[in-house]
Amino acid sequence: MPEPGHDERRKRPPFRQLAVRCALPQGCQPGGQGPSWDRSLPRLGGASEPPRLGFPWERICAVPEGSVASPGVPASPGRSRGALRDPPARPWPPCSGSEEALTGFIFCCLQPACLMPHWKRRVPLWSAGMEATLCIHTCLWLSAAWVPLASSDGLAGGGERAPGTEARHGKLTWAVSLDAPEEELEQRAEELARTAGLVNMGRVGELKGHYLFTYQPDAHTASEPEAIRRSVDTLFTQHDSVRWHSEQKLLKRSKRSLHFNDPKYPQQWHLNNRKSPGKDINVTGVWERNVTGHGVTVVVVDDGVEYTIKDIQPNYSPEGSYDLNSNDPDPMPHPDEENGNHHGTRCAGEIAAVPNNSFCTVGVAYGSRIAGIRVLDGPLTDSMEAIAFNKHYQINDIYSCSWGPDDDGKTVDGPHQLGKAALQHGVIAGRRGFGSIFVVASGNGGQHSDNCNYDGYANSIYTVTIGAVDETGSMPFYAEECASMLAVTFSGGDKMMRSIVTTDWDLQKGTGCTEGHTGTSAAAPLAAGMIALMLQVRPCLTWRDVQHIIVFTTTKYEDRHAKWDINQAGFSHSHQHGFGLLNAWRLVNAAKIWESVPYLASYVSPALKEGRSIPLLPQELEVTWNVTTADLQLSGMRTLEHVAVTVTITHPRRGNLEIRLFCPSGMMSLIGTTRSMDSDPNGFADWTFSTVRCWGEEAQGTYRLVIRDIGDESLRPGTLKQWQLTLYGSSWSPAEMKERQRLLEEAMSGQYLSSDFSLPCPPGLEIPEEQRYTITANTLKTLLLLGCFAVFWTFYYMLEVCLTRNNVGLDLTCNGSTVCKWYQQGGKHRALESGLEMESVPLYREKDIEDVEMDCEHPEPAQEDEGEEGSWTPTRPNIPSSSRAASFHEAAPAGAGYLGREVTAQLLSEDREHQKC
1 MPEPGHDERR KRPPFRQLAV RCALPQGCQP GGQGPSWDRS LPRLGGASEP PRLGFPWERI
61 CAVPEGSVAS PGVPASPGRS RGALRDPPAR PWPPCSGSEE ALTGFIFCCL QPACLMPHWK
121 RRVPLWSAGM EATLCIHTCL WLSAAWVPLA SSDGLAGGGE RAPGTEARHG KLTWAVSLDA
181 PEEELEQRAE ELARTAGLVN MGRVGELKGH YLFTYQPDAH TASEPEAIRR SVDTLFTQHD
241 SVRWHSEQKL LKRSKRSLHF NDPKYPQQWH LNNRKSPGKD INVTGVWERN VTGHGVTVVV
301 VDDGVEYTIK DIQPNYSPEG SYDLNSNDPD PMPHPDEENG NHHGTRCAGE IAAVPNNSFC
361 TVGVAYGSRI AGIRVLDGPL TDSMEAIAFN KHYQINDIYS CSWGPDDDGK TVDGPHQLGK
421 AALQHGVIAG RRGFGSIFVV ASGNGGQHSD NCNYDGYANS IYTVTIGAVD ETGSMPFYAE
481 ECASMLAVTF SGGDKMMRSI VTTDWDLQKG TGCTEGHTGT SAAAPLAAGM IALMLQVRPC
541 LTWRDVQHII VFTTTKYEDR HAKWDINQAG FSHSHQHGFG LLNAWRLVNA AKIWESVPYL
601 ASYVSPALKE GRSIPLLPQE LEVTWNVTTA DLQLSGMRTL EHVAVTVTIT HPRRGNLEIR
661 LFCPSGMMSL IGTTRSMDSD PNGFADWTFS TVRCWGEEAQ GTYRLVIRDI GDESLRPGTL
721 KQWQLTLYGS SWSPAEMKER QRLLEEAMSG QYLSSDFSLP CPPGLEIPEE QRYTITANTL
781 KTLLLLGCFA VFWTFYYMLE VCLTRNNVGL DLTCNGSTVC KWYQQGGKHR ALESGLEMES
841 VPLYREKDIE DVEMDCEHPE PAQEDEGEEG SWTPTRPNIP SSSRAASFHE AAPAGAGYLG
901 REVTAQLLSE DREHQKC
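Under my numbering, the residue at position 410 of the sequence shown is numbered 410, and the numbers go up by one with no gaps.
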């Protein structure tokens, strides 16, 4: 029992006994060796004492009163708290062989006895304070690392004062308009300023009756700015002589300079033609009004974009880019043996080359974002085209496609089933329902008498088909003509004409800049850039709005090769020039005030089976179809936009056919031209021709399809199997179109573009975000920080381990034949064999001491004659561990009982350090 006054934590475990049987050989005196106990065992106590282990044999070793201690028993160092009584100084009783008489005694005639493990606590060098300090430094380091990586927009918000709220030159200043006779204005201004506690700074320029008052406080009479504002506003509001007043605020203005330092800008005649003024796209006035394509993303669908070029990198949009040839997010072009694959980079530079970086050129929409989809550098399938047309279509607004089928004068091809579906889906769901804008080049097959109506991309109603004119405004030798062309813009001509200067790649022999970009491939990106300017001032323009604005605003350019025809709605169109030359100033001013056109209406006739032969010239085959008011009533269509005809014709030589379509007004469209190089014997199988030459005309009436054969009698005649008419338009009336034309002409002065005038935009469709796999810049920053944190924490943990491994723990002393094992954290163990006197347990933290278990095992004596051997039976007490003490399980008592001679001899053979009794 514990002594009175001790708390429950010092209670020892229940009393356990060790039964001992001992047979004394002759010559062995009982007083030779007595029981021993170790007074240096740890004790239960406070934090300043080592942990106390409550062993049951401490009570077992209590010698009953009246017994006499052996002479070999060491003197007791004194009584410890709740410990053993000191043994009496009288001899041990003789071994009578009676188990009952020996109960509670321990005999040990075996030396050296295995003392219990002795644990010594070490003072750790690693303190809690050091750990907290390192954690704080870690947090501060991560915070400092994040600041330069974070977006400036995200960090700039909270604490800054909104622009314009500061007083002029750091002072509170008001502009005041006074209503008084002219001769009294100065006096009234002085009196009002004095009454308000302000200083009259004088008249504002040449404006009579307008004065500037400012607050100039003394050092001793300064008041809070808000109190001054309230006082002045109240006085001015109630004063009879004040018409109006306004506190002056700092205005944010940016310099608009067109003096670009890009070395090739003076050679960009298509942007600012100094040699022939007026023969350019007329974009500088738009730039002066800060319209640069900001907020619009144009994607170049081509052979890749080298976005690391200095002219492209700042405007590059990785979110809108992809490589369909390699199936990864990086559209970087791959050089080939022919030094090709720089086509897309050149087109991208035309659109969004960065100005004032002392490198190469300036883009048409230099404030826009530019993306790249690499698809032309490898085998191309219908599915790849379809993916390209809809790739990132909620990020990319305009798709610039300067490519198409072979321009060899004999190919008839275009998007196949998936590609057609993707184009249609793009104009329906792209750009949040306003429709993706697809800009395509008309083609470069002019020298082969090719026609862009045989190109299904240029022939589609969902695309903006752009042709080319040279510096003089004439149709170049390579340009194709067709009835589906919307407009033209500038490009290079023959060798005597200047070409387009733009960004180039710097791979292989590239220098990052070129002066030789030409063809309709150079015209389409210019158109895409001008459309980007339109979308900046009017983001909710639909794909059809863009087409309408082009039709309404293009300018007729006189060219001796162009044949202009005026349709019923008053629009001029040429098969060579479309509706005319794109003019950035007119496009943007029209877009500023444009209200969306009515919904698209369509009409499809039945498939008209003919089976009629096509005669040779001078004869011709003519078929007609009448569209009545009743036919259009369901769709509500009144005026036309696109007219399409799908034909199935057999002919032994397809290039001999010429196909014309006449609208009800009599407007003729040459939808199929003769081609000398086209000897295909299969004719046309459900091929769709289209025309825009009837734009704005009334839809009802009789449509005539006329087919001619310019061949000779050596060939069998062709046959028109069937044809079908499709009309696209809207419910606009001709009068409404005339009124829209009038409004647009009024806007061409720039009055709306220069003002804050703005039409409200509908919200657009809520399109679910596409699944994106692109690793964005913010994602990379986050991964970088996580990696830095992991490295830093690893260093921190290694530092802690190095500092604590040899300085925090428990020292274990184990003597003799005892095998001692320690266990830590889930089964790790180490055995200390005989002869290893001192070992340090490598505990990493002070708290880990709680996880250590200790076993000390004694060798079992061999079982021989039961009458002659000594034996002991240990019991394993469950010793509760305190919060700061290790948990120990004892396998044997501190000293073994007295063993017989045979046992001793056997043990000596195993351990030479054992001694006879």
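Bear in mind the hints are in silico, worked out from the structure with no lab data behind them.
Some hints could be false.
DEER-style ranges, computed between Cβ atoms [unchecked claim]:
# : residue 1 : residue 2 : range
1 : Arg704    : Met677    : 22 to 32 Å
2 : Pro598    : Lys249    : 18 to 28 Å
3 : Trp244    : Gln751    : 16 to 26 Å
4 : Leu616    : Asp408    : 24 to 34 Å
5 : Gly295    : Gly750    : 51 to 61 Å
6 : Ser602    : Gly205    : 33 to 43 Å
As a list, the in silico DSSO-like pairs of lysine-lysine whose alpha-carbon atoms are at most 30 Å apart [claimed, not checked]:
#  : residue 1 : residue 2
7  : Lys781    : Lys310
8  : Lys738    : Lys556
9  : Lys275    : Lys310
10 : Lys279    : Lys563
11 : Lys738    : Lys563
12 : Lys264    : Lys310
13 : Lys264    : Lys208
14 : Lys738    : Lys279
15 : Lys275    : Lys410
16 : Lys721    : Lys609
17 : Lys249    : Lys264
18 : Lys410    : Lys420
19 : Lys264    : Lys420
Ideal placement from N, C-alpha and C gives every residue a C-beta, glycine not left out.
Now for the hints, and whether the structure bears them out:
1. In this structure the supplied range 22 to 32 Å holds for Arg704 paired with Met677, their Cβ-Cβ distance being about 29 Å.
2. Range check, Pro598 to Lys249: Cβ separation about 43 Å, and the 18 to 28 Å hint is violated.
3. Between Trp244 and Gln751 the C-beta distance comes to about 25 Å, which sits within the given range of 16 to 26 Å.
4. Taking 24 to 34 Å as the suggested C-beta distance range, the pair Leu616 and Asp408 conforms, at roughly 26 Å.
5. Checked against the given bound of 51 to 61 Å, the beta carbons of Gly295 and Gly750, roughly 21 Å apart, lie outside it.
6. The beta-carbon spacing between Ser602 and Gly205, approximately 60 Å, falls outside the hinted interval of 33 to 43 Å.
7. Among the hinted pairs, Lys781 with Lys310 is consistent with the structure: their alpha-carbon atoms are about 22 Å apart, no more than 30 Å.
8. Our distance criterion of 30 Å between C-alpha atoms is met by Lys738 and Lys556, whose separation comes to about 18 Å.
9. Simply put, Lys275 and Lys310 have alpha-carbon atoms about 28 Å apart, close enough for the 30 Å limit, and the pair holds.
10. Under the criterion of a C-alpha separation no larger than 30 Å, the hint pairing Lys279 with Lys563 is consistent with the structure, at around 20 Å.
11. Annotation: proposed proximity of Lys738 to Lys563 holds, straight-line Cα distance about 24 Å (limit 30 Å).
12. Pair hint Lys264 plus Lys310 holds up; C-alpha atoms about 14 Å apart against a cutoff of 30 Å.
13. Proximity of Lys264 to Lys208 is assessed by CA-CA distance (about 49 Å); at most 30 Å being required, the pair is judged violated.
14. The suggested pairing of Lys738 with Lys279 holds, with an alpha-carbon distance near 28 Å, which does not exceed 30 Å.
15. This hinted pair does not check out: Lys275 and Lys410 have alpha carbons roughly 39 Å apart, beyond 30 Å.
16. In summary, the hint linking Lys721 to Lys609 is supported, as the alpha carbons are separated by about 6 Å, within the 30 Å threshold.
17. Restraint check: the Cα-Cα separation between Lys249 and Lys264 comes to about 40 Å, which exceeds 30 Å; the hinted pair is violated.
18. Annotation: proposed proximity of Lys410 to Lys420 holds, straight-line Cα distance about 22 Å (limit 30 Å).
19. Of the pairs offered as hints, the one joining Lys264 and Lys420 is violated, with about 40 Å between alpha carbons and a cut-off of 30 Å exceeded.
Going down the numbered hints, you'll see the structure goes against 2, 5, 6, 13, 15, 17 and 19, while the others check out.
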